[in-house]
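K.L.:
From first to last, the protein sequence lines stand for chains A and B.
According to the numbering used here, the first sequence holds residues 1 to 345 in order.
According to the numbering used here, the second sequence holds residues 1 to 345 in order.
These are computed hints drawn from the structure, not numbers from a lab.
Treat the hints loosely; a few may be bogus.
[Stated by the list, open to error] Okay, derived cross-link-like pairs now, DSS-like style, lysine-lysine, Cα gap no bigger than 25 Å in a straight line:
(1) B/Lys168 <-> A/Lys278
(2) B/Lys291 <-> A/Lys278
(3) B/Lys276 <-> A/Lys264
(4) A/Lys6 <-> B/Lys205
(5) B/Lys168 <-> A/Lys32
(6) B/Lys299 <-> B/Lys205
(7) A/Lys106 <-> A/Lys261
(8) B/Lys276 <-> A/Lys26
(9) B/Lys33 <-> A/Lys168
(10) A/Lys76 <-> A/Lys32
(11) A/Lys32 <-> B/Lys276
[Unchecked claim] Using C-beta positions, here's what the derived DEER-type ranges look like:
(12) A/Lys106 <-> B/Ile92: 56 to 62 Å
(13) A/Gln142 <-> B/Glu339: 33 to 39 Å
(14) B/Glu176 <-> A/Arg257: 39 to 45 Å
(15) B/Lys206 <-> A/Gly211: 50 to 56 Å
(16) A/Arg281 <-> B/Arg147: 25 to 31 Å
(17) B/Arg253 <-> A/Glu195: 38 to 44 Å
[Unchecked claim] One side only, chain B facing chain A, incomplete, derived with CB under 10 Å:
(18) Leu166
(19) Ile198
(20) Lys288
(21) Ile324
Cβ coordinates follow ideal geometry from the N, Cα and C atoms, glycine included.
There are 2 protein chains.
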Amino acid sequence: MVSSVKIAIIGFGNVGRSLAKLIAFKGEDIEKKYGVRLNVVAVADSRGAVIREEGLIPYELLKLCELPRSYIFMYKPYGVSGASVEEVYSRIIPDIHVEVTPPNYKSGEPGLSNILYAINSGANVVTANKAPLVLKYDHIMQCAKQRGVLVKFKATVMAGTPLIDLLKSLKGYSIEAVEGIINSTTNYILTEMHEDLIPYSDALKKAQALGIAEPNPDLDVRGWDAAAKLVIISNVIGEPINLDDVERDDLSRIDLREVFKAIKENMVLKFIAKYKVKEKRASVKITKISKDDILSSVKGTMNAVRIRTDINDIVLIGKGAGGIETAYAIMDDVLSIAEVISPEP
Amino acid sequence: MVSSVKIAIIGFGNVGRSLAKLIAFKGEDIEKKYGVRLNVVAVADSRGAVIREEGLIPYELLKLCELPRSYIFMYKPYGVSGASVEEVYSRIIPDIHVEVTPPNYKSGEPGLSNILYAINSGANVVTANKAPLVLKYDHIMQCAKQRGVLVKFKATVMAGTPLIDLLKSLKGYSIEAVEGIINSTTNYILTEMHEDLIPYSDALKKAQALGIAEPNPDLDVRGWDAAAKLVIISNVIGEPINLDDVERDDLSRIDLREVFKAIKENMVLKFIAKYKVKEKRASVKITKISKDDILSSVKGTMNAVRIRTDINDIVLIGKGAGGIETAYAIMDDVLSIAEVISPEP
């Protein structure tokens with residue numbers, strides 16, 4: 001028996017489109033393997049929505065991805081110009097609301113309102129947008145509990161590399177510290193500086209040309225992105241901190257001579273995010289590390305996290321960014337919710 | 001509200017004792033953090049059992065650990081000479097049966113019968129004994145499903161490093177291969193050979209002196225242990241193979257000159273376990289790897305696994321053996337079962 005799960009994708013940039021393609025291409029395999037049909041009933045962005053109660057077929061999902069950003073409302077006959085999330089929900093309430101809007105660490109919007117609206121409407125939530133969790137983790141989880149729905153967010157940290165699941169599976173351990181490389185853009189820039197001996201500005205330009213850095217790279221290079229991830233990690237391990245509590249270096253101030261100096265000492269500079277649990281101290285800092293440290297070998301857009309526990313260190317390494325990687329993580333969360341909400345096949 | 005979970009520990013060697021100590025020392029913390037009281041109502045080994053319906057207090061658990069192997073039946077007043085698992089269950093049926101008897105890859109006994117008996121009695125099962133799963137994974141899971149109980153086994157691979165959970169959390173991915181260092185004894189021996197340039201026999205003696213290798217090291221050095229772990233991994237990812245399907249090298253045949261040769265070529269010899277999923281080919285082989293490969297830097301009793309998926313590689317590194325590490329993994333499984341079976345606090 002196949003159960004069908006109604007999905008709404010809110011936000012339709014790189015990640016939203018990657019998810020739509022993934023469902024279009026892999027939906028049939030998933031259905032065979034898990035007995036779950038992933039039925040996208042709505043897609044929305046800031047300027048409108050596409051709604052089809054019976055679910056968009058793979059071909060339609062792929063066509064949507066061909067439309068320019070913010071123009072999906074023109075898709076015929078299902079596009080609705082200016083439709084808000086509220087309007088989408090007045091037509092159809094999905095089983096799973098996927099939030100892939102961009103993060104805003106000041107207001108949390110539009111993600112925060114969207115997620116709360118979904119929860120209050122009885123939809124389960126999967127989010128790749130970090131900001132709502134960073135600002136209102138407890139409130140969101142509290143609301144979800146009261147309403148009896150699930151909120152999953154493994155895509156928010158390390159994209160397709162399941163650090164959040166790993167942390168959740170360490171129940172009996174005392175986690176003493178979590179440290180590592182959790183921002184791909186800055187690790188790419190630093191790797192380029194070390195390997196090609198080019199200044200920060202050139203390395204940034206290269207990263208931007210490849211789509212690894214945003215046109216405005218502030219969230220990454222000023223440490224906000226890594227700090228936000230530390231806040232989510234701190235909540236997962238039950239020792240929450242606030243975004244403002246995280247000390248941050250500004251990578252854009254780095255001088256190539258610092259890299260030379262490190263190389264001369266047989267060391268490597270890395271942008272290390274670190275949370276010392278007992279002290280409740282968190283930071284994102286340019287850090288000189290030894291070449292013997294496994295983190296020194298993590299290059300380019302790879303990420304790595306070392307979890308220090310009372311009995312051993314666990315290191316997880318994997319790609320930390322990318323639309324398709326993030327889409328896979330969302331898909332995993334969607335499937336784990338589907339397992340719970342649908343009757344066993 | 002605190003819910004109490006009745007636990008039986010079957011097998012009382014190094015791992016069983018580590019678990020008893022862990023519960024004795026950390027039980028109170030766990031109770032505070034998760035609202036679950038871990039109540040050990042029975043401990044059994046091959047020569048008898050200790051049964052206390054109200055649960056053994058921490059002091060009693062620690063005293064039991066001071067008794068020599070196979071002598072717990074002498075513990076007064078709760079020791080019962082010659083009591084079998086059946087007899088234990090005739091007195092009290094635990095919520096969770098923890099199987100930590102030694103593995104036998106021919107018969108699966110005594111673990112296999114114990115686990116099936118527990119399931120049929122309605123107990124959930126946590127096992128660190130690999131053999132029953134390696135020989136009868138499907139049958140065990142089928143029985144558990146019919147009886148409505150859970151079987152967890154994360155301690156069977158990489159001890160305290162949760163590879164099994166990681167694999168289970170990759171639902172949407174196509175796993176193409178799993179490869180790595182999953183036997184600590186042989187990795188320790190090879191590391192010693194590389195670093196101290198000593199022959200196999202000396203490295204083995206050192207490992208034995210430190211308790212890293214067994215007096216009879218065959219299960220480790222002839223690749224059975226790693227092969228058994230590959231079989232469990234293959235079942236977790238839904239592409240099962242049999243133990244006999246795994247090609248194995250015998251590490252005891254290695255000549256120190258092979259190590260010299262590898263060093264000269266700037267390479268490293270590792271005992272690599274590998275499962276290529278599509279080809280259904282599995283092996284445990286002495287493999288020459290490049291120093292650029294992250295697996296080359298995994299030394300001593302550390303383990304590491306690389307999961308190759310259709311979109312990215314994920315590497316997990318951590319201690320792969322040890323009584324206390326294994327006990328932590330068992331504790332995690334126990335807690336995740338407790339979450340499901342006990343009413344939410």
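K.L.:
Could you grab the alpha-carbon distance between A/Lys76 and A/Lys32 and see if it respects the 25 Å cut-off?
P.N.:
30 Å, violated
K.L.:
Take the C-alpha atoms of B/Lys276 and A/Lys26, compute the straight-line distance between them, and say whether it is at most 25 Å.
P.N.:
Holds. B/Lys276 to A/Lys26 sits at ~21 Å (cutoff 25 Å).
K.L.:
For the pair we were handed, B/Lys299 and B/Lys205, check the Cα-Cα distance against 25 Å.
P.N.:
18 Å, holds
K.L.:
Has the given pair, B/Lys33 with A/Lys168, been kept, meaning a C-alpha gap of at most 25 Å?
P.N.:
14 Å, holds
K.L.:
Please check whether B/Ile198 passes as an interface residue: C-beta within 10 Å of a C-beta belonging to chain A.
P.N.:
Result: violated, 22 Å to nearest chain A Cβ.
K.L.:
Within a Cα-Cα threshold of 25 Å, do B/Lys276 and A/Lys264 meet the stated pairing?
P.N.:
42 Å, violated
K.L.:
Regarding B/Arg253 and A/Glu195, is the given constraint of 38 to 44 Å on their beta-carbon distance met?
P.N.:
41 Å, holds
K.L.:
Between B/Lys168 and A/Lys32, is the straight-line Cα distance small enough, at 25 Å or below?
P.N.:
17 Å, holds
K.L.:
Measuring from beta carbon to beta carbon, are B/Glu176 and A/Arg257 in 39 to 45 Å?
P.N.:
43 Å, holds
K.L.:
Measuring from beta carbon to beta carbon, are A/Lys106 and B/Ile92 in 56 to 62 Å?
P.N.:
Because 58 Å falls inside the window, the suggested range holds.
K.L.:
Quick check on the hint: B/Ile324 CB to chain A CB, less than 10 Å?
P.N.:
6 Å, holds
K.L.:
Can we keep the B/Lys288 interface hint, with Cβ of chain A closer than 10 Å?
P.N.:
19 Å, violated
Hints 1, 2, 3, 4, 7, 10, 13, 16, 19 and 20 from the earlier list are contradicted by this structure; the remaining hints agree with it.
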